[in-house]
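When you get a sec, could you build the whole thing from the sequences and use the hints?
Protein sequence lines, in the order shown, are assigned to chains A and C.
Each residue of the first sequence is one higher than the one before, counting from 1 in my numbering.
Each residue of the second sequence is one higher than the one before, counting from 1001 in my numbering.
A portion of the hints provided could be inaccurate.
As the list claims (entries may be wrong) - Covered stretches of chain C (in silico footprint by chain A; criterion: 3 or more residues with CB under 8 angstroms from a CB of chain A, positions within the stretch not fixed):
| # | stretch |
| --- | --- |
| 1 | 1121–1128 |
| 2 | 1216–1225 |
| 3 | 1255–1261 |
| 4 | 1266–1276 |
Unchecked claim - Subject to a maximum C-alpha distance of 27 angstroms in a straight line, what follows is the list of computed DSSO-like cross-link-like pairs (lysine-lysine):
| # | chain 1 | residue 1 | chain 2 | residue 2 |
| --- | --- | --- | --- | --- |
| 5 | C | K1167 | C | K1281 |
| 6 | A | K266 | C | K1015 |
| 7 | A | K15 | C | K1197 |
| 8 | A | K257 | C | K1064 |
| 9 | A | K257 | C | K1197 |
| 10 | A | K206 | A | K266 |
| 11 | C | K1281 | A | K266 |
| 12 | A | K257 | C | K1015 |
| 13 | C | K1039 | C | K1110 |
| 14 | A | K266 | C | K1064 |
| 15 | C | K1257 | A | K197 |
| 16 | A | K257 | A | K197 |
| 17 | A | K64 | C | K1257 |
| 18 | C | K1257 | A | K257 |
| 19 | A | K266 | C | K1197 |
| 20 | A | K32 | A | K90 |
No wet-lab data here; the hints were simulated from the structure.
No experiment lies behind these values; they were computed from the predicted model shown.
Every residue, glycine too, gets a C-beta built ideally from N, C-alpha and C.
2 protein chains.
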Amino acid sequence: MQNRQVLIDNLPEGKLRESDYKIVSSELPDVKHDEVLIKTISFAITAGTRAGLQGSASYAGAPKTGIVMNSTGVGEVVESSIDDYPIGTKVLTQTGWQEYSLQKPQNLTKLREGIDPSLYLGPLGINGLTAYFGLLEVGQPESGETVMVSAAAGSVGHMVGQIAKIKGCKVVGICGNDDKCSKLKDELNFDAAVNYKDSNFRQNLKEATPDGVDIYFDNTGGMILGSALFRLNTGGRIACCGVVSQYDTNTPEPGPKGIPGLLVNKSIRMQGFLVFDFAEKYEEATDNLVRWIDSGQFQVLTDELDGLEEAPRGFVDLLAGGNIGTRIINVIS
Amino acid sequence: MQNRQVLIDNLPEGKLRESDYKIVSSELPDVKHDEVLIKTISFAITAGTRAGLQGSASYAGAPKTGIVMNSTGVGEVVESSIDDYPIGTKVLTQTGWQEYSLQKPQNLTKLREGIDPSLYLGPLGINGLTAYFGLLEVGQPESGETVMVSAAAGSVGHMVGQIAKIKGCKVVGICGNDDKCSKLKDELNFDAAVNYKDSNFRQNLKEATPDGVDIYFDNTGGMILGSALFRLNTGGRIACCGVVSQYDTNTPEPGPKGIPGLLVNKSIRMQGFLVFDFAEKYEEATDNLVRWIDSGQFQVLTDELDGLEEAPRGFVDLLAGGNIGTRIINVIS
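Structure (structure tokens):
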């Protein structure tokens, strides 16, 4: 038995390319004490992992070549030395881009019975929890407020907007093409959607936010963050979730003008967070998300590709804005 | 009777100059219903008012020429149509740079009996309350944490450091010359002080903060904010109080690199505030500040100039870092 893996072959200078990865086959490792062997069912591709290829500024530490590209995935126990995880148990874990992985129990989350495993890569996984805690705990929305979200059709953004609607907010999404704008409004019930590539972006944003912005959920940084600062109301909040505008480059832009001046003048709170900050509340969040999905208030939007070998192309394309919703690579099709 | 006033004669392009002001004499106004005439005793000069000359980005609104330069001051009622404010009452108010001003009661704060009026321009006034609420409410310090403060010898900074010491924190001040550094350490009990004009600033800051920084109280923005970001610990807080590095120019720098990236990676909260956000708690703060002054835990540091005509020079010099402690102009000497 062989384990097919996608390795980081080269650290990108500038834009990431498919050729920065290579696919290899290796022997399946032996399962030792307190370990399980997981067969990957599918994994998610998310922009945040691009930061891990960028050097010391990332929470993931210094990047390396020759290792399996990391990602969250769902899989099934196929060999086990742990009584609590018998063969057949379905789990959420850091599978990485590979067919099999050895895992320790502290890195496993059992999937709830009767729930489609792929939901754990979207609303019930890291992306969904990031949207949930970033909006609710960091943003602290109140009914009637205006929420603006960037990368609004992306893995996290499309869920932020939906949760904000459930909380009674007005939602304005920012994305990079008109098809996405339409989808956000027509299928996900966003109040407005604005294409940041349009030359009238600032004016269009102004018109889409007649009452200003109370919460800006920032997935991008850069120019969109700068524009949001000018629309934010006194007492506004910025939930800093990601910086996708700055990932795919070796020469990040300076921060927006108006920082910190506008933060002072408008008493704005700008707060970075990682989903792990809220680990104690994962169960409560999952309960709420399951309830919203079951009641039809929350639409699950996935964008699936079949085959491990599709991962590099799927990632390069995602960084260019090619996905709508959660991008999933199905390893077992 | 004439009222001598310092008017804004010219909006500065680039650096502020003394010649941007002119001194005029005008007739004393009549006191109408629900008004008092205040004779200015002294007023404070603070960097924040420079923002009011800078255009629409300020909370003070668009700047104008031909008006009296604004400032907080203490004075005495010399004519009154309000029973609650008889002649002789001492008050804190927005005197501006002038000998006399008409005031409405909602803009007056009575001074407590037995307290030196000049304390209301320092620890018991806007500067002291700004230091108090910015550190305690925005920064949320815990005993043993490291607090870094910029413009540390300035009107607000020298009080931030002292309050942080009272709360059991380690305090590192940033200022612009070695005399100030010595004064902060020797007289105000700071644990360390670092001169940002030194070519080894970043290395010196690193050595002065061996456990990193938990709270950065930012009076400057710009390069010092950028350096602080790299020293901040996970879960760190930035209290954004002012942007003195960007006031005295018409071409503000972009924001620091690492915003928002480092905020995300280190779960940092960066929060702008105005002292008025905490108006409900002024009395409580004043009680604590009086207690700390009386017990000798808190040193009052003032830098006084005599004569209304000294105000323009005193302000230009303050923006260049010429003051240590609260700069006060004594109008009645």
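Evaluation of the provided hints:
1. 1121–1128: violated (count 0)
2. 1216–1225: holds (count 3)
3. 1255–1261: Coverage by chain A holds here, the residue count being 7 at a Cβ distance below 8 angstroms.
4. 1266–1276: Since 9 is at least three, the answer is holds.
5. K1167/C x K1281/C: 18 angstroms, holds
6. K266/A x K1015/C: Satisfied, since the Cα-Cα distance of roughly 25 angstroms is no more than 27 angstroms.
7. K15/A x K1197/C: Given that 27 angstroms is the threshold and the Cα spacing comes to 37 angstroms, the pair is violated.
8. K257/A x K1064/C: 24 angstroms, holds
9. K257/A x K1197/C: The given pair, whose Cα atoms are some 23 angstroms apart, holds under the 27 angstroms limit.
10. K206/A x K266/A: Between K206/A and K266/A the Cα gap is close to 17 angstroms, so the pair holds against 27 angstroms.
11. K1281/C x K266/A: The given pair, whose Cα atoms are some 20 angstroms apart, holds under the 27 angstroms limit.
12. K257/A x K1015/C: 19 angstroms, holds
13. K1039/C x K1110/C: Distance ~14 angstroms between K1039/C and K1110/C Cα, so the pair holds.
14. K266/A x K1064/C: Holds, at roughly 21 angstroms.
15. K1257/C x K197/A: 23 angstroms, holds
16. K257/A x K197/A: Within the cut-off at roughly 20 angstroms; holds.
17. K64/A x K1257/C: 24 angstroms, holds
18. K1257/C x K257/A: 11 angstroms, holds
19. K266/A x K1197/C: 30 angstroms, violated
20. K32/A x K90/A: 20 angstroms, holds
Hint compliance for this structure: hints 1, 7, 19 are not met, and every other hint is.
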